[in-house]
Amino acid sequence: MLRWILGGREAQGTVESAALFIGEEQPKNCFTEMQVLKGHFDIVRFLVQIDDLRFASAGDDGLVLIWNVETGECLFVLRGHTQQITAMTSYTFIRGGTAHTALITASSDRTLSLWDPDSGNRVQNISDLQSSVKCLLVLAHLDVWLSGGNELCVWNRDLELRCKMVHHSDAGISAMVELPKNFIAAAMDKEIVIFKLNLSGSDIAVMAMRHLADHQDTIRSLIHINDRLFASGSHIGELIIWDSVDWTIQAYEHILWEEPARDSQSEFKLNHQKQIERSIQHMSSDGEYIVAAVGSGLYVYNVLMKSVVAYRRTAHDSNILHTMLQRDSLMSCSEDGSVRMWELQDLPLPAEPASSGFFGMFGTFGRSSKQTGPPAKKIPEVPGLRSLELIGDLIGHSGAVQMFLSFKEKGLVTCSTDQLLIVWKDGELQSQLRSLAVFQKLEENQGL
Amino acid sequence: MIGSPDVVAFTKEDDFGDSFSDPFSLPEEFSVPLFAHAANANPWTKTSYAKFSKDFILISEFSEQVGPQPLLTIPNDPKVCGTFDLNYFSLRIMSVDYQASFVGHPPGSNYPRLNFVEDSKVVLGDSKEGAFAYVHHLTLYDLEARGFVRPFCMAYISADERKIMHQFQELSSEFSKASEFLKSGNRKAFANELEKKLKDLEYTRSVLHKEAELQKMNNGCYSTQAIEKANELANMEKSIYEHKDLLRQITSYPSRKKKDVHFVQRETEKLADTSVLDDTPNSNPSEIADKTVETENDIRKSSYTPQLIKGKSAKCFDKRLKTMEELCDASFFHQTLEQLNIIEKSFRGDLCFIYTSQIDRALVGKQKVTSFLFEAEREWENEVPLKNFSISSNNPTVPILNLTGEPLSLESYTSCIDIDHMKPGVESIEGPPESSLSDITQETSEAADTETKGSFSSDKSIEAFGGVSPSSLQANYFDGLERKSKVSIASPSESASSSVAVPQRMTDGNLVLMDAACCIGQEGFVFEEPLPELAQECCGDTVVNREPLSLLQGDPALQMDYILEESALAESPNMGLTFSELNTGVLSEEVAKINIEDVSDSTSFMSASTSSDRAVSPFTYGSALTLKQKKKAGHNALRFIRQYPFAQQAIFCLLSGRTLVILGVDEGTVRKLVNALLFFVPNLGKYGETVQPWLSSPFQLIDLQRWKLIGLQRAASPAGSSILHSLNRYSRYISILDCDSKTLRCPPYKGTLISRLADHRTQIKRGSTYFLHVQGMLTQLTARAFLYTFCHHIHLPMDINDQGSVTSRRTNFLLQLGYTVEESKIVQYLSELIKQHYMQGSSKGGNQSFCFNYTTSYLYKI
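Chains A and R are the protein sequences, given in the same order. So that you can map any letter, position 88 of the first sequence is 88 in full-length UniProt numbering, and since no number is skipped, the others follow by simple counting. So that you can map any letter, position 300 of the second sequence is 300 in full-length UniProt numbering, and since no number is skipped, the others follow by simple counting.
Chain A extracted, bound-state conformation:
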């Protein structure tokens, strides 16, 4: 029976994809209406929310499109970049007492552009960059923003360069997070570099403070958890929780999704594949939990308890590209073209407290069958372990779903390799809204 708990789950894992087929009956899936938005001519990679109604999409065609999520109308097509967009962010600032939102985009053509989404105009453009920008970070309280690539630049809201720092590393900065006290953590290949922004009057200087070289492989994702913690995930499945203030390791997890080794030949063959599979492609957090996309699996970690909450080794048929965590439910999208919705449910284990021998047995079984790697351990805290149940999936895209963006009750936007965007909506809610609109029109027209 105990075997069942883990082994069973493991066994289940091998046939998980079959078990994951949720079928057509999805009572908990409220997305019963979709709207396909066409406009891009290549892979759409980025979605950025501008306000409650609008969002921008960008991709490899170099176009930035601004959409209205309610009507599905394309408000503006922002043209200017000649090559694919590499990063995009929105930037809200107060000017003249009102909040404005600008859109910053970076492209492989080594330009940075500042757009006004209300008029569709390119407000500013910087074209003399030495390398393309890979990531952007807005520091709202300083009213500056940073671009990271082979060089780290600090810009003000009018796209004036305030400070620049060139690195000698080949890799460049792939991700940045903001830390307290004007510190910045930037992921550069296997290292996390802590920078400090020195503000003396109007001058800003950037200084590298420390190099954290605890990852064994390239860092794939770097996220902010809460004011005290941030997390990084590497290509070989290392998940490290850092303290934001003193940059010490708070937790270290090495996630290994591997098959119980039965056939040595096949193991060898699978070896390469395994390496890819456990890469932490994406992480998201709600301050208490982290969800990490590890290969095609999902891994939920409680940072306060420092324990695994739930996991699914094969949550998708292919690599997961984006995740989102909301209270007890989470969403993931993958290269297999689907978006899946999950719910954290308590395991139905009435006999659980009684099994005293569980840990030991788990240890032996688990170690022998699973853990071959050295220090890294993934020992789930079994009492807190919950299951990740599939409650619905969204099928529409014919290519990898790159990203999604939630507008809460207004819907969910997904973008994909198939050049489409899809807005998924709650059909019932939309129907009600349409009824209200109809009655409003009736009133205006004084009847039919």
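Mixed in with the good hints, there may be bad ones.
[Stated by the list, open to error] Which residues of chain A face chain R? A partial, calculated answer using Cβ under 7 Å:
(1) N29
(2) E444
(3) L448
[To be verified] With a straight-line cut-off of 27 Å between C-alpha atoms, the simulated DSSO-like cross-links for lysine-lysine are:
(4) R/K238 - R/K322
(5) R/K196 - R/K210
(6) A/K441 - A/K410
(7) R/K686 - A/K441
(8) A/K38 - R/K686
(9) R/K368 - A/K441
(10) R/K368 - R/K345
(11) A/K28 - R/K750
(12) R/K366 - A/K441
Just so you know, these hints were derived from the structure itself, not from any lab. Being a predicted model, the structure only gives us computed values, none of them experimental. Heads up, the beta-carbon is just placed ideally off N, CA and C, and yes, glycines get one too.
Using the hints, position chain R against chain A.
Below, chain R without anything else, positioned relative to chain A:
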């Protein structure tokens, strides 16, 4: 003693009478007058002894050489008139011309004056011939004719007197259109003729002038020859002046119609139209130049070489009179003929039938909110104007005001500058809003003349019964008759004086007396006729009705044509009757089917429908989907529901908005199935946009949004496998009907609604009958969806905390309508469509969202 019915009648006017109204009675405008001969069991039997088999249009002329003569009939088929004596009837109809036509020298004027006479419209009956006619008189201008006018008349001849009487207004407005085309064309041609004549005259004058100079040189100023020449020259001058004046008069015509916006539009379109038309065949530019600078020199440029003409015109009987076609500009003449053909088609059939279809149209016109769901698109609403002006539609329209400055269409409207000073006194009288079909004759200046001529077009006593309803018409009817009989006796005799006598007229002198009773002046029906709504609606031109009378004897081919072309609403009971029951007895289904298919292609007058593949293809993508095609589909549908036990499930999918994919190897089979299910698709669209009959490439997500019924090719090629992949991927959004293995994969449906709609043991035998049955049920469904959409209390919360109860009210509402959970989905889907349609209008623009449900599908087998 006063009987109770009388009392009710008297109190009708009061409030008391108004307080009660039967909630189930139809509104006044939608009631069909009961068939008069209640005792007669078969309303289609011939009650009159007409010598013609069906209604036709006759065009006659009162020729100044030979008297009344028939010119042509529409349809132009000798069989139509049978033994009917067209010559005699021409005499009859021409003898009741009450037009105030007078051309010549009015007192106080030295020059001939053209009168722009309004057409006169009368009803005439001839019990001997069993013919009743709506007669529309008009005059065309001809420079060579006596007084420059040629009286013509168009008559709609029917055996059914009531039809003529009841449809008077519709006939009048339709014939006015035809007449307007004809007259516009004639004005153009007349102006053209005048131009040429003027050139001739001016040329002659110049020649004479030279001769006179020569005479003076040779013989001195006072020789007889010189004086003669001078006189001749003076005559020529006068003649030129007169012709110029005529030209000015004719070209000033359009300004008269300025107030009538509708007309102006037509006129401008026509102008644009004709000017473009003229561009191609003629040497137009030169003529235009010729127009603008009218000098002797320019004549050389013109394609027309002036001829020397004699001072005296030829004798009346020597010359050949122009034919009607020559009198009118070619394009206008063809438009006229087209309009007449339309009239003939739209007034085919029994009165009752016409009524029903008019009511149908009126009703559907009122249901714009929902009619898009299942009703056939009404081509006549949009296409008729397009049809008439198909050439002009893609040319820029020229505003009428331009006429004053630029020479647009050379012939007629060049010198329009003098619009204002041209207007005789008559125009000011016409001040009150004048519609194109109004029949205000020029009563003022020619009043005396009209009286003497025996016309009573301004007869006030007849005008008196303008506001009378048809029911009470009978009383006044005879009253007015006596008055008119006098007149109509007078007029034939008068006309006889100037024409060749027609022998028949002598023999039935007393008949004239009797029949003249049926002559009713147009004024009798001036626009207060209490059928205003229908009058507006009935202008449908492409509606094709054929007299059911002829149905029984006519060949089946024509019957089918009639039935299928007819575009009236489906649930009209009459139609169902004529359609199915009449034919089933005679023809086996197979034979009938062959007829439909063969005949529709040969006799159809709609090019769109002829293009369809006759065997299986229901329609070609891109061409308008006609009701005819939908009815054809009824046959396939009937076969489908008999053959497939899961037909109900398939229909349920379509009605609830779930895309149905019909998968098969054989294109014919797939197309046939698509065709069979065609009319179950809500919001099918005018061109069947929501249906894709045959697709051989894998479909995209966006296609599911667009198409609700897809025929898909199953192929073994790599493309085929990717098709299957897409089917598998989107399986939750679609239902798949596999033609080859005869299976259907779709959500379950167990209800009574669709079992009534598609009962595989149905007794209905004919496809078209089944189509009507389905239409009826769908209409009911639509009505409920309408109710569901527009009931406040099931969508709006009473207060802020009421959200939950709204949902329960909605569920209860659907339950009360008798719908199961599954059937509620249908109503909800239709309701969503109605909402979208209502908010966005008929335009399907924008980005539609696509709704679906997460439900389990089952596999149904045969």
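Structure-based check of all given hints:
no.: 1; hint: N29; in the structure: holds (6 Å)
no.: 2; hint: E444; in the structure: violated (12 Å)
no.: 3; hint: L448; in the structure: holds (6 Å)
no.: 4; hint: R/K238 - R/K322; in the structure: holds (25 Å)
no.: 5; hint: R/K196 - R/K210; in the structure: holds (21 Å)
no.: 6; hint: A/K441 - A/K410; in the structure: holds (22 Å)
no.: 7; hint: R/K686 - A/K441; in the structure: holds (26 Å)
no.: 8; hint: A/K38 - R/K686; in the structure: holds (25 Å)
no.: 9; hint: R/K368 - A/K441; in the structure: holds (16 Å)
no.: 10; hint: R/K368 - R/K345; in the structure: holds (26 Å)
no.: 11; hint: A/K28 - R/K750; in the structure: holds (24 Å)
no.: 12; hint: R/K366 - A/K441; in the structure: holds (18 Å)
Of the numbered hints stated above, the single one contradicted by the structure is hint 2.
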